[in-house]
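Participant: If you want the building blocks of each chain, they are given just below.
There are 4 protein chains.
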Amino acid sequence: MTQALMTPASLQAKIPEIFAPWIIAMDLRVIEVLPGEVLLSMPVKADYVHVGGVMCGQAAMAAADTAMVLALTAELGEFKPMTTVQLQTSFLRPISSDQVLVRATVLRRGKSLAFGSIDISSPDGKLAVQATTTYALLA
Amino acid sequence: MTQALMTPASLQAKIPEIFAPWIIAMDLRVIEVLPGEVLLSMPVKADYVHVGGVMCGQAAMAAADTAMVLALTAELGEFKPMTTVQLQTSFLRPISSDQVLVRATVLRRGKSLAFGSIDISSPDGKLAVQATTTYALLA
Amino acid sequence: MTQALMTPASLQAKIPEIFAPWIIAMDLRVIEVLPGEVLLSMPVKADYVHVGGVMCGQAAMAAADTAMVLALTAELGEFKPMTTVQLQTSFLRPISSDQVLVRATVLRRGKSLAFGSIDISSPDGKLAVQATTTYALLA
Amino acid sequence: MTQALMTPASLQAKIPEIFAPWIIAMDLRVIEVLPGEVLLSMPVKADYVHVGGVMCGQAAMAAADTAMVLALTAELGEFKPMTTVQLQTSFLRPISSDQVLVRATVLRRGKSLAFGSIDISSPDGKLAVQATTTYALLA
Numbered sequence: 001m002t003q004a005l006m007t008p009a010s011l012q013a014k015i016p017e018i019f020a021p022w023i024i025a026m027d028l029r030v031i032e033v034l035p036g037e038v039l040l041s042m043p044v045k046a047d048y049v050h051v052g053g054v055m056c057g058q059a060a061m062a063a064a065d066t067a068m069v070l071a072l073t074a075e076l077g078e079f080k081p082m083t084t085v086q087l088q089t090s091f092l093r094p095i096s097s098d099q100v101l102v103r104a105t106v107l108r109r110g111k112s113l114a115f116g117s118i119d120i121s122s123p124d125g126k127l128a129v130q131a132t133t134t135y136a137l138l139a
Numbered sequence: 001m002t003q004a005l006m007t008p009a010s011l012q013a014k015i016p017e018i019f020a021p022w023i024i025a026m027d028l029r030v031i032e033v034l035p036g037e038v039l040l041s042m043p044v045k046a047d048y049v050h051v052g053g054v055m056c057g058q059a060a061m062a063a064a065d066t067a068m069v070l071a072l073t074a075e076l077g078e079f080k081p082m083t084t085v086q087l088q089t090s091f092l093r094p095i096s097s098d099q100v101l102v103r104a105t106v107l108r109r110g111k112s113l114a115f116g117s118i119d120i121s122s123p124d125g126k127l128a129v130q131a132t133t134t135y136a137l138l139a
Numbered sequence: 001m002t003q004a005l006m007t008p009a010s011l012q013a014k015i016p017e018i019f020a021p022w023i024i025a026m027d028l029r030v031i032e033v034l035p036g037e038v039l040l041s042m043p044v045k046a047d048y049v050h051v052g053g054v055m056c057g058q059a060a061m062a063a064a065d066t067a068m069v070l071a072l073t074a075e076l077g078e079f080k081p082m083t084t085v086q087l088q089t090s091f092l093r094p095i096s097s098d099q100v101l102v103r104a105t106v107l108r109r110g111k112s113l114a115f116g117s118i119d120i121s122s123p124d125g126k127l128a129v130q131a132t133t134t135y136a137l138l139a
Numbered sequence: 001m002t003q004a005l006m007t008p009a010s011l012q013a014k015i016p017e018i019f020a021p022w023i024i025a026m027d028l029r030v031i032e033v034l035p036g037e038v039l040l041s042m043p044v045k046a047d048y049v050h051v052g053g054v055m056c057g058q059a060a061m062a063a064a065d066t067a068m069v070l071a072l073t074a075e076l077g078e079f080k081p082m083t084t085v086q087l088q089t090s091f092l093r094p095i096s097s098d099q100v101l102v103r104a105t106v107l108r109r110g111k112s113l114a115f116g117s118i119d120i121s122s123p124d125g126k127l128a129v130q131a132t133t134t135y136a137l138l139a
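Residue numbers (our numbering), protein chains in the order written: chain U, 1 to 139; chain Z, 1 to 139; chain X, 1 to 139; chain C, 1 to 139.
Isolated chain U (complex conformation) (with noise of 0.2 Å):
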């Protein structure tokens, strides 16, 4: 059912056409795409650092949905509209370091619900937010 596959420039180009704009001033970057998976790097910046010392989980949310409406649009082979339904956040571990990669999966695809999971690690490989989801895919 997936169309060409699209590579992480033609990925990133989408960024600013699709999202708000305090979202694309995030600077997320597509480094890897695969059908139905993206893995997306995000710098901590120092904006999103609250009084624990440590990334806001907010932060990790707006990355977490952000990333699974690109695995969508990869699996799609272009960007359709298409909401959150419900997204659910599991905070593992605090984030401390400048960077984090976050890795968006599709689990299934259906003609009007698509569901996903989402990894947030550090750079060390450990497994910081976990998230999962519903989207409708409204064309």
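To be clear, the hints were calculated from the coordinates, so they are not data collected in a lab. Where is the CB? At the ideal position from N, CA and C, for every residue including glycine. Treat the hints loosely; a few may be bogus.
[Unchecked claim] Here are some, though not all, of the chain Z residues that point toward chain X, as calculated from beta-carbon distances under 10 Å:
(1) L5
(2) Q88
(3) F91
(4) R93
(5) F115
(6) Q130
(7) T132
[As the list claims (entries may be wrong)] Straight-line distance between alpha carbons at most 20 Å, and here's what the computed DMTMM-like set of lysine to aspartate or glutamate pairs gives:
(8) X:K14 - C:E78
(9) X:K45 - C:D47
(10) U:K45 - U:D27
Knowing the structure of chain U, use the given hints to seat chains Z, X and C on it.
Facilitator: Frame of chain U; chains Z, X and C shown alone:
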């Protein structure tokens, strides 16, 4: 168990002390404080609007998490170290208004864990986003 | 959009028609029916109690899901095919009473998706289990 | 941190000691034990099948929660008191087979909290149900 109730002004003053600059810049306003409950207003800035013309879900999740920290601070009578364990958000309706109301309620405050619920509504009173969350109280 | 309101008796009569025998055997009782909302009583049978001496979480999740099907049936005025998309349950307090109350509320009923919330409380009124859920309406 | 690895037989023997009779009667079988990971088989009894002709979601949630207790017991090397804090389940595909496989994995085991993931698959290997969960370790 609740100490002297915080006022909207005293809770508002905590925002720049607690949160990451990225969250402080959201300009959330504390409107009402009750024991274990806060009501915030949130401006839907152009920066949060994505290609679909509505507020991005990432901004809603960020507001939900932030509001719960404030509700727990109100419940505790002061800010104490805490961390989000998990946050589940459901997106019921798109948000196209230029402001939303965010109500966070502590459902249960135990010794080391607290549970809460967050409702984000448009000015016409319709529930747009509903979240539930678990926090770990660290001190 | 709601059709003629179902009564507790008419909704009770649906239970053996809709659910699996394993769920029918839970002996849930419909106490109250409002538009998009039902209140059930649930006996905490010895079969549901685990080594810790309290009701197992599995029984709470089963009751939550079942109650939401009934709330949606009440909302629709009749049973129609539907399926649970996701259900998130938080366990706030252990249940050691011999009965609990289960209240399920439809938060939003769209064309193809519905969202709901379920509270399970002990007889003293304390919230013990809180769940939120998304359903797909299939017809 | 893991003690001597439990065998499928030793973990199987824990089931009647730990769980409620309602869960013991599900006849889950421990097939494989790895550190922080277990694989179970679950018979899809006629009792779990609802009017739609497929396994009810309640049975899937019950199996997921049960499997995670066993995975944590395997991780700890023995059963210790624990309680489910939250469990989020997504239903990706209906289950019409007469058996499913349930794999539970500990994603992180901290001092007081543990996080896990559970996959329920049909015999053809297709992922049918996906759950994530947080547990509190009480001792």
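Participant: If a hint holds in the structure, say so; if it does not, say that too.
Facilitator: Structure-based check of each hint:
Because the smallest distance between the Cβ of L5 of chain Z and any Cβ of chain X comes to about 22 Å, over 10 Å, the interface hint for this residue is violated. For Q88 of chain Z, the interface hint holds, the least distance from its beta-carbon to any beta-carbon of chain X being 5 Å, beneath 10 Å. Using the Cβ-Cβ criterion of 10 Å, the hint placing F91 of chain Z at the interface with chain X is satisfied: the shortest such distance is roughly 9 Å. Proximity of R93 of chain Z to chain X holds as hinted, the smallest CB-CB distance being about 7 Å (cut-off 10 Å).
A distance limit of 10 Å between C-beta atoms decides the matter here; for F115 of chain Z the minimum to chain X is near 5 Å, and the interface restraint holds. Below 10 Å, beta-carbon pairs count as interface contacts, and Q130 of chain Z has one with chain X at about 6 Å; its hint therefore holds. Checking T132 of chain Z against chain X: minimum C-beta separation of about 6 Å stays under 10 Å; hint holds. The suggested pairing of K14 of chain X with E78 of chain C is violated, with an alpha-carbon distance near 44 Å, which exceeds 20 Å.
Restraint check for K45 of chain X and D47 of chain C: the C-alpha separation of about 18 Å stays at or below 20 Å, so the hint holds. For the given pair, K45 of chain U sits about 10 Å from D27 of chain U by alpha-carbon distance, which is consistent with the 20 Å threshold.
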